[in-house]
Amino acid sequence: MPRLTVRELAAVHRLEFPFWLNTLCQALWGVCFAAAAPADVLTWPALAAVTAAVLLMEAGLVLNTAADLDSDSRHAERSRLSSAAHRLGRRGALRLAAGEAVAGLLLALAVSLHIGHFIVLLGAVGTLAAHVLYNVEPARLKSRGLAGAVVFACGAVALPCLLTHAALRPDVPASTALVFTGLTALAAGRVVWWSVPDRDADAAAGQRTTSVRRGAAGALHVACLLLSAGLAVLGWGLWWSGGVVAVAVGAAGHAVFTGSAVVLSRRVSAGAPVSSTRLRRTVMPVVLAADLAIVGVALSA
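The opening residue of the sequence shown carries number 996 in my numbering; numbering runs sequentially from there.
Some clues are possibly wrong.
Here are the computed distance ranges between Cβ atoms for each label pair [stated by the list, open to error]:
(1) 1199 with 1075: 16 to 26 angstroms
(2) 1238 with 1199: 48 to 58 angstroms
(3) 1251 with 1037: 28 to 38 angstroms
Honestly, the hints are just simulated from the structure, not real lab data. Every residue gets a Cβ at the ideal spot worked out from N, C-alpha and C, and that includes glycine.
Given only the sequences and the hints, what does the whole structure look like? Please build it.
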(Lines of atoms letter the chains of each structure in order from A and count residues from 1; the text may use other names and numbers.)
(Lines give C-alpha, C1' and ligand atoms only; values in the text may rest on other atoms or scores of the structure.)
Protein backbone atom coordinates (compact mmCIF):
# COMPACT_ATOMS: atom_id res chain seq x y z
CA MET A 1 0.00 0.00 0.00
CA PRO A 2 1.51 3.38 -0.99
CA ARG A 3 2.31 5.89 1.73
CA LEU A 4 -0.20 8.73 1.70
CA THR A 5 0.15 12.23 3.09
CA VAL A 6 -2.06 13.19 6.04
CA ARG A 7 -4.31 15.19 3.72
CA GLU A 8 -4.65 12.27 1.31
CA LEU A 9 -5.43 9.89 4.15
CA ALA A 10 -8.06 12.31 5.42
CA ALA A 11 -9.54 12.59 1.93
CA VAL A 12 -10.04 8.84 1.42
CA HIS A 13 -11.71 8.69 4.85
CA ARG A 14 -14.01 11.64 3.94
CA LEU A 15 -12.74 13.64 6.92
CA GLU A 16 -13.50 17.11 5.57
CA PHE A 17 -15.22 19.43 8.01
CA PRO A 18 -17.81 18.77 9.32
CA PHE A 19 -18.11 15.11 8.29
CA TRP A 20 -15.67 13.70 10.85
CA LEU A 21 -17.58 15.39 13.66
CA ASN A 22 -20.88 14.04 12.31
CA THR A 23 -19.39 10.55 12.41
CA LEU A 24 -18.24 11.03 16.00
CA CYS A 25 -21.71 12.21 17.03
CA GLN A 26 -23.30 9.17 15.39
CA ALA A 27 -20.98 6.92 17.39
CA LEU A 28 -21.71 8.81 20.63
CA TRP A 29 -25.50 8.86 20.46
CA GLY A 30 -25.91 5.28 21.65
CA VAL A 31 -23.74 5.57 24.77
CA CYS A 32 -25.12 9.03 25.58
CA PHE A 33 -28.71 7.76 25.64
CA ALA A 34 -27.68 4.64 27.59
CA ALA A 35 -25.60 6.47 30.21
CA ALA A 36 -27.15 6.81 33.66
CA ALA A 37 -24.73 9.71 34.25
CA PRO A 38 -22.42 11.62 31.89
CA ALA A 39 -19.37 9.99 33.53
CA ASP A 40 -20.55 6.61 32.21
CA VAL A 41 -19.56 7.72 28.71
CA LEU A 42 -15.93 7.75 29.87
CA THR A 43 -15.88 4.14 31.07
CA TRP A 44 -13.70 1.83 29.01
CA PRO A 45 -16.54 -0.30 27.54
CA ALA A 46 -18.24 2.88 26.30
CA LEU A 47 -15.05 4.40 24.88
CA ALA A 48 -14.05 1.11 23.26
CA ALA A 49 -17.50 0.72 21.70
CA VAL A 50 -17.43 4.29 20.36
CA THR A 51 -13.96 3.68 18.91
CA ALA A 52 -15.19 0.45 17.30
CA ALA A 53 -18.16 2.25 15.76
CA VAL A 54 -15.93 5.01 14.35
CA LEU A 55 -13.48 2.48 12.92
CA LEU A 56 -16.26 0.52 11.24
CA MET A 57 -17.92 3.61 9.78
CA GLU A 58 -14.60 4.94 8.52
CA ALA A 59 -13.80 1.52 7.04
CA GLY A 60 -17.11 1.77 5.20
CA LEU A 61 -16.18 5.21 3.86
CA VAL A 62 -12.81 3.94 2.61
CA LEU A 63 -14.67 1.06 0.97
CA ASN A 64 -16.94 3.64 -0.65
CA THR A 65 -13.86 5.51 -1.90
CA ALA A 66 -12.67 2.33 -3.60
CA ALA A 67 -16.10 1.60 -5.07
CA ASP A 68 -16.57 5.16 -6.36
CA LEU A 69 -13.21 5.59 -8.10
CA ASP A 70 -14.88 5.89 -11.50
CA SER A 71 -17.64 8.32 -10.55
CA ASP A 72 -15.39 10.52 -8.38
CA SER A 73 -12.88 10.87 -11.24
CA ARG A 74 -15.73 12.31 -13.35
CA HIS A 75 -16.81 14.81 -10.67
CA ALA A 76 -15.39 18.33 -10.97
CA GLU A 77 -15.58 18.87 -7.19
CA ARG A 78 -13.89 15.60 -6.24
CA SER A 79 -10.42 16.25 -7.66
CA ARG A 80 -8.62 16.00 -4.31
CA LEU A 81 -10.50 12.84 -3.34
CA SER A 82 -10.01 11.32 -6.78
CA SER A 83 -6.28 12.04 -6.74
CA ALA A 84 -5.85 10.51 -3.27
CA ALA A 85 -7.99 7.51 -4.19
CA HIS A 86 -6.03 6.78 -7.36
CA ARG A 87 -2.76 7.13 -5.47
CA LEU A 88 -3.98 4.65 -2.86
CA GLY A 89 -5.48 2.35 -5.49
CA ARG A 90 -8.43 0.02 -5.22
CA ARG A 91 -6.38 -2.79 -3.67
CA GLY A 92 -4.75 -0.42 -1.15
CA ALA A 93 -8.15 0.99 -0.20
CA LEU A 94 -9.56 -2.49 0.33
CA ARG A 95 -6.62 -3.41 2.54
CA LEU A 96 -7.00 -0.23 4.58
CA ALA A 97 -10.74 -0.76 4.98
CA ALA A 98 -10.21 -4.39 5.97
CA GLY A 99 -7.63 -3.45 8.60
CA GLU A 100 -9.91 -0.86 10.17
CA ALA A 101 -12.89 -3.21 10.04
CA VAL A 102 -10.95 -6.00 11.77
CA ALA A 103 -9.79 -3.59 14.48
CA GLY A 104 -13.37 -2.42 15.02
CA LEU A 105 -14.72 -5.97 15.21
CA LEU A 106 -12.01 -7.02 17.68
CA LEU A 107 -12.81 -4.06 19.93
CA ALA A 108 -16.51 -4.91 19.78
CA LEU A 109 -15.72 -8.54 20.64
CA ALA A 110 -13.61 -7.44 23.62
CA VAL A 111 -16.45 -5.27 24.93
CA SER A 112 -18.99 -8.06 24.40
CA LEU A 113 -16.85 -10.54 26.32
CA HIS A 114 -16.40 -8.04 29.16
CA ILE A 115 -20.08 -7.16 29.59
CA GLY A 116 -21.36 -10.70 29.05
CA HIS A 117 -23.61 -10.34 26.00
CA PHE A 118 -23.00 -10.06 22.27
CA ILE A 119 -25.31 -7.23 21.22
CA VAL A 120 -22.27 -4.97 20.81
CA LEU A 121 -20.64 -7.47 18.46
CA LEU A 122 -23.90 -7.98 16.55
CA GLY A 123 -24.20 -4.21 16.09
CA ALA A 124 -20.61 -4.11 14.84
CA VAL A 125 -21.16 -6.94 12.36
CA GLY A 126 -24.38 -5.29 11.18
CA THR A 127 -22.64 -1.94 10.68
CA LEU A 128 -19.92 -3.54 8.57
CA ALA A 129 -22.45 -5.63 6.63
CA ALA A 130 -24.49 -2.53 5.76
CA HIS A 131 -21.44 -0.79 4.29
CA VAL A 132 -20.41 -3.90 2.36
CA LEU A 133 -23.92 -4.26 0.91
CA TYR A 134 -23.95 -0.59 -0.05
CA ASN A 135 -20.58 -0.63 -1.79
CA VAL A 136 -19.66 -4.11 -3.00
CA GLU A 137 -20.93 -6.08 -5.99
CA PRO A 138 -23.10 -8.01 -6.59
CA ALA A 139 -25.36 -6.22 -4.10
CA ARG A 140 -23.94 -2.67 -4.62
CA LEU A 141 -27.06 -1.12 -3.11
CA LYS A 142 -25.86 2.39 -3.92
CA SER A 143 -27.10 1.67 -7.44
CA ARG A 144 -30.48 0.41 -6.18
CA GLY A 145 -31.96 3.83 -5.49
CA LEU A 146 -33.81 4.36 -2.22
CA ALA A 147 -32.85 0.95 -0.83
CA GLY A 148 -29.21 2.01 -0.90
CA ALA A 149 -29.93 5.23 0.98
CA VAL A 150 -31.77 3.34 3.72
CA VAL A 151 -29.05 0.70 4.10
CA PHE A 152 -26.32 3.36 4.23
CA ALA A 153 -28.28 5.23 6.90
CA CYS A 154 -28.62 2.03 8.94
CA GLY A 155 -24.85 1.53 8.71
CA ALA A 156 -24.21 5.15 9.74
CA VAL A 157 -26.83 5.62 12.46
CA ALA A 158 -29.11 2.78 13.58
CA LEU A 159 -26.53 -0.01 13.88
CA PRO A 160 -23.69 2.10 15.36
CA CYS A 161 -26.23 3.44 17.88
CA LEU A 162 -27.20 -0.13 18.80
CA LEU A 163 -23.52 -1.06 19.07
CA THR A 164 -22.57 1.72 21.46
CA HIS A 165 -25.84 1.73 23.44
CA ALA A 166 -25.40 -1.97 24.22
CA ALA A 167 -22.00 -1.29 25.78
CA LEU A 168 -23.82 0.32 28.72
CA ARG A 169 -27.37 -1.04 28.45
CA PRO A 170 -28.57 -4.07 26.47
CA ASP A 171 -32.24 -3.04 26.22
CA VAL A 172 -33.34 -0.03 24.18
CA PRO A 173 -36.31 1.88 25.65
CA ALA A 174 -39.14 2.63 23.24
CA SER A 175 -38.50 6.39 23.38
CA THR A 176 -34.82 5.89 22.53
CA ALA A 177 -35.72 3.49 19.72
CA LEU A 178 -37.95 6.20 18.25
CA VAL A 179 -35.11 8.72 18.43
CA PHE A 180 -32.73 6.31 16.68
CA THR A 181 -35.38 5.53 14.04
CA GLY A 182 -36.00 9.22 13.40
CA LEU A 183 -32.28 9.95 13.13
CA THR A 184 -31.87 7.04 10.70
CA ALA A 185 -34.69 8.32 8.49
CA LEU A 186 -33.13 11.79 8.54
CA ALA A 187 -29.79 10.27 7.52
CA ALA A 188 -31.47 8.39 4.65
CA GLY A 189 -33.00 11.65 3.49
CA ARG A 190 -29.58 13.30 3.55
CA VAL A 191 -28.10 10.46 1.47
CA VAL A 192 -30.72 11.11 -1.21
CA TRP A 193 -30.20 14.89 -0.86
CA TRP A 194 -26.42 14.43 -1.20
CA SER A 195 -26.85 12.35 -4.37
CA VAL A 196 -28.22 15.36 -6.27
CA PRO A 197 -24.92 17.22 -6.93
CA ASP A 198 -23.34 13.85 -7.81
CA ARG A 199 -26.02 12.97 -10.35
CA ASP A 200 -24.12 13.58 -13.59
CA ALA A 201 -20.93 11.82 -12.43
CA ASP A 202 -22.89 8.86 -11.07
CA ALA A 203 -24.91 8.56 -14.27
CA ALA A 204 -21.74 8.63 -16.39
CA ALA A 205 -20.28 5.87 -14.22
CA GLY A 206 -23.43 3.76 -14.55
CA GLN A 207 -24.57 4.14 -10.94
CA ARG A 208 -28.34 4.20 -10.51
CA THR A 209 -28.74 6.39 -7.44
CA THR A 210 -32.07 7.97 -6.56
CA SER A 211 -31.14 11.22 -8.32
CA VAL A 212 -30.13 9.31 -11.47
CA ARG A 213 -33.39 7.34 -11.42
CA ARG A 214 -35.75 10.20 -10.55
CA GLY A 215 -33.86 13.31 -11.62
CA ALA A 216 -32.63 16.02 -9.29
CA ALA A 217 -36.05 17.46 -8.50
CA GLY A 218 -37.63 14.03 -7.99
CA ALA A 219 -34.81 12.95 -5.69
CA LEU A 220 -35.20 16.09 -3.59
CA HIS A 221 -38.92 15.45 -3.28
CA VAL A 222 -38.13 11.96 -1.93
CA ALA A 223 -35.50 13.45 0.39
CA CYS A 224 -38.00 15.95 1.77
CA LEU A 225 -40.50 13.17 2.49
CA LEU A 226 -37.87 11.12 4.32
CA LEU A 227 -36.64 14.15 6.24
CA SER A 228 -40.16 15.14 7.27
CA ALA A 229 -40.99 11.62 8.43
CA GLY A 230 -37.70 11.36 10.30
CA LEU A 231 -38.24 14.73 11.95
CA ALA A 232 -41.70 13.67 13.13
CA VAL A 233 -40.45 10.39 14.61
CA LEU A 234 -37.44 12.11 16.20
CA GLY A 235 -39.72 14.71 17.77
CA TRP A 236 -42.01 11.98 19.11
CA GLY A 237 -39.12 10.12 20.71
CA LEU A 238 -37.60 13.28 22.21
CA TRP A 239 -40.96 14.39 23.61
CA TRP A 240 -41.48 10.96 25.16
CA SER A 241 -38.04 10.92 26.76
CA GLY A 242 -37.54 14.56 27.72
CA GLY A 243 -40.62 16.65 27.03
CA VAL A 244 -41.03 19.89 25.13
CA VAL A 245 -37.57 21.23 25.95
CA ALA A 246 -35.91 18.11 24.53
CA VAL A 247 -37.92 18.49 21.32
CA ALA A 248 -37.08 22.18 21.03
CA VAL A 249 -33.35 21.63 21.53
CA GLY A 250 -32.91 18.27 19.79
CA ALA A 251 -35.14 18.73 16.76
CA ALA A 252 -34.61 22.41 15.93
CA GLY A 253 -31.48 21.96 13.83
CA HIS A 254 -32.95 19.06 11.90
CA ALA A 255 -36.09 21.13 11.28
CA VAL A 256 -33.93 23.93 9.84
CA PHE A 257 -32.14 21.43 7.60
CA THR A 258 -35.45 19.96 6.42
CA GLY A 259 -36.66 23.46 5.58
CA SER A 260 -33.46 24.12 3.62
CA ALA A 261 -34.06 20.92 1.64
CA VAL A 262 -37.55 22.14 0.71
CA VAL A 263 -36.08 25.46 -0.45
CA LEU A 264 -33.40 23.64 -2.46
CA SER A 265 -36.05 21.43 -4.05
CA ARG A 266 -37.91 24.50 -5.30
CA ARG A 267 -34.72 26.10 -6.60
CA VAL A 268 -33.66 22.94 -8.44
CA SER A 269 -37.15 22.60 -9.94
CA ALA A 270 -36.64 26.12 -11.30
CA GLY A 271 -33.35 25.06 -12.92
CA ALA A 272 -30.76 26.22 -10.37
CA PRO A 273 -27.47 24.25 -10.24
CA VAL A 274 -26.32 22.39 -7.11
CA SER A 275 -22.76 22.32 -5.74
CA SER A 276 -21.67 19.66 -3.25
CA THR A 277 -18.91 21.95 -1.96
CA ARG A 278 -21.41 24.70 -1.28
CA LEU A 279 -23.79 22.29 0.45
CA ARG A 280 -20.96 20.97 2.63
CA ARG A 281 -19.80 24.43 3.66
CA THR A 282 -23.17 26.13 4.15
CA VAL A 283 -25.72 23.46 5.05
CA MET A 284 -23.83 20.58 6.67
CA PRO A 285 -22.71 22.77 9.62
CA VAL A 286 -26.42 23.04 10.45
CA VAL A 287 -26.56 19.24 10.58
CA LEU A 288 -23.49 19.22 12.82
CA ALA A 289 -25.15 21.65 15.23
CA ALA A 290 -28.24 19.43 15.22
CA ASP A 291 -26.15 16.30 15.86
CA LEU A 292 -24.33 17.97 18.76
CA ALA A 293 -27.68 19.04 20.20
CA ILE A 294 -28.80 15.39 20.23
CA VAL A 295 -25.66 14.51 22.23
CA GLY A 296 -26.51 17.25 24.72
CA VAL A 297 -30.14 16.18 25.04
CA ALA A 298 -29.12 12.56 25.55
CA LEU A 299 -26.65 13.40 28.32
CA SER A 300 -29.14 15.63 30.12
CA ALA A 301 -32.04 13.16 29.95
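Hints broken by the structure, by number, lowest first?
none
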